[in-house]
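Chemist: Dock chain B against the given chain A, drawing on the hints supplied.
Each protein sequence line maps, in turn, to chains A and B. My numbering puts the last residue of the first sequence at 441; the count rises by one with no breaks. My numbering puts the last residue of the second sequence at 298; the count rises by one with no breaks.
The hints are simulated quantities; they were obtained by calculation from the structure and are not laboratory data. All values derive from a computational prediction rather than experimental measurement. Even for Gly, the Cβ is constructed at its ideal location relative to N, Cα and C. Don't take each hint at face value.
If you want the footprint, here are the derived chain B segments under chain A, 3+ residues with CB under 8 Å [stated by the list, open to error]:
| id | segment |
| --- | --- |
| 1 | 78 to 84 |
| 2 | 93 to 100 |
| 3 | 110 to 116 |
| 4 | 169 to 181 |
| 5 | 276 to 284 |
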Amino acid sequence: MSSNQKTVALERQPGILRKYLVWFITAAALAILPWIFNTTFGITVLNQMGIVIIFALSYNMMLGQGGMLSFGHAVYFGLGGFIAVHAMNFISDGVLPLPIPFVPLIGAFAGMIFGVIFGSFSTNRAGTVFAMISLGIGELIAASSLIFVGFFGGEEGVTGDRTEGPEFFGLDFARDIEVYYIVAFWVFVATLLMYLFSRTPVGRMANAVRDNPERAEFVGYSQKVVRYISFSAAGFFAGIAGGLFAINYEILTEETLNLVTSGTVLLMAYIGGIGFFFGPIVGAVVFTLLQTLLSNYTEIWALYVGIVFVATVMYAPYGLTGIIMIHGPIAQSGRLGSLLVPYIKIGIPAIICTLGVIGLLEMLHFQNESGAGDSELNLFGIHFDVATPYPWILAIVMTVGGFMLAKRLTPQLVAAWEVATPTQQGGR
Amino acid sequence: MLELVVFSLLNGLVYGLLLFMLSSGLTLIFSMMGVLNFAHASVYMLGAYFAYSISAVVGFWPGLIIAPLGAGVLGALVERYGLRNVHRYGHVAELIFTFGLAFLIEELVQFIWGRSTMDYAVPEALDFPLFTLFDTQFPAFKAFMLLISVGIFVFLLLILTRTRVGLIIQAAITHPNMVAMLGHNVPFVFMLVFGVGSALAGLAGVIAGPVLGTFPGMAVVLGSIVFVVVVVGGLGSLVGAFVASLLIGLLQTFAVALDYSLNDFFALFGAGFDAEHILTDLWTVTIAQIAPILPYLLLVLILIFRPTGLFGTRET
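Extracted from the complex, chain A is given alone in its bound form:
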């Protein structure tokens, strides 16, 4: 090829399909998922996942991209939801002729308005002061929701009915699968919009303000204005999630606004990985699966989630996506295979240790909870008699043995990493 032809070949833009492949795949996946998980339980979990995906992504707009740690993000989620459910009641009464799939838009504007109101004084400073203000506002609104019973419905909350909206292509949204497609539509739209937001100048400046606020000011952008816009946008998207919550569950209570929900979204975003755009998606999916599936098998699932969270903060601060992404350069240089054997060698003792710990915790919990004389525990399909010492000895041996073996094999893994990591000059 002549140099001219080479240049032309390089300059030929990839087609629309290639460039936006990820989004086409996402849309297709969202459309097919209910066919794969077509049980009622599956659809319920998918709906739940969709709502928290949008919520967690909106939270990461502030935390991962803006560097603003908020302990009160559930306020915008909850307030958006409450206004949405009140709107649904207006729709049922015939006052507001809006089809149900557009209710999240009302939640979005409610969330944005409250974001604008509370952000006006919250975003003056980032860091600890911001976290404290968000905590204060969160507690304030959560406590107010039990006091101002007229709007928030008190302890019983506010209920709505999604089947009494105006005609929308013959659907009345009584079935979960119909709600799923509303959720899937908004997940796609919200994710796309949030991704595009991160690519706008204000989104990029939010990253700059996160990393070095003073320097961003010298470049000419007010750190407060950038933060304020991020904050309000995050409120907008949290409101979409709140509106979907109102449609899906048809009830909003104080629990939707409180510190527990704010903590949960922080947990989801952090476990998933706050440094990457799709990190909170991973975190939301994993957390929802833990919450729905794990709770069927064990009563102490929340304890496991807590342990995983603390372990993530201490040993994997970049989250699950961070762990996946650090393999990126190694995969690109084609040396991923060399890590396979060390991972298996250290993985087996680690798994044994984990199973031992789970066994111990479950047996202890069983002993605490069960009555006298009831000593048979069913774990992983195997029956144990916790009155005898054998299961305990086995669990302790597995835990200690697995831990010691894994620790012994760690230097091998580190050495394998050193060999596999591409060096600056391109390596071997």
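Modeler: What follows is chain B alone, placed relative to chain A:
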């Protein structure tokens, strides 16, 4: 009326000094390490539960000594093996770590002791009314709480201002690098302060458990208020923590006793709101009903108008 004022004053004092026991440790830890420890109230909860378990076996008085020690040791271990590792990932990671720890401790408490309220009772030696004023009794245990709290305050003040360790701690708070260069073991000082702060929180739990209840939610209930105290008082200021805890303790206790609403105020002028409107609550809600949110209102106001707090010198 006088009865109301006297008892609200006394109860507010007891509550406020309890808040001070919790917030003094927190503000010291914050000024040393720059991290707001979300798990501080969880250590308070652990102190109460330890004391409950000990009192079930040996009695209340050994628990008064052993439980805070246990809490202190736990705090020191958390600092040494947890916080020190997370420190290099930045302030946000430290905050999230302590938040995760608070969550984990709450789950552990539910795992070990269960979800119901524990029967942690006032010891018999103190289970009598100290005095009776206008038909209302003031329990001796509350006077005991007052005594311990004031004792702790005096103890802290003396240690920090009169002993060598206290001077080193004060110096390490503002100039840790210089103190390290002078040859002192600053990481050990940090661990010590964390441990003592946690022991104080544990002690607060031991004496507050019988009065405020020993249940898995006790950390959340008091934890937020302690943060309000620390922020309102000023991050890093012990005097500020004292003033703010008394202020909030008295504010909440007096507010709970007042059963007036805006509607009652308007009724004085002959106006009033009777209609069943979605926002009627704004006028009919009484001061007693909004008492739980007054501290948060104060927090938001202080953070808007004076982010350094009443006596503080730094914001972060």
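Chemist: Hint by hint, note whether the structure agrees.
Modeler: Here is how each hint holds up against the structure:
Counting residues of the segment 78 to 84 of chain B whose CB lies closer than 8 Å to any CB of chain A gives 5, so the stated coverage by that chain holds, three being the minimum. With a cut-off of 8 Å between beta carbons, the segment 93 to 100 of chain B has 3 residues touching chain A; three or more are needed, and the interface restraint holds. Check result for the segment 110 to 116 of chain B against chain A: violated, 0 residues qualifying (beta carbon to beta carbon below 8 Å, three or more required). For the segment 169 to 181 of chain B, the proposed coverage by chain A is not satisfied: 0 residues have a C-beta within less than 8 Å of a C-beta in that chain, short of the threshold of three.
Given a C-beta distance limit of less than 8 Å, the hint that chain A covers the segment 276 to 284 of chain B holds, as 4 residues qualify and 3 suffice.
Violated hints for the displayed structure, listed by number in ascending order: 3, 4.
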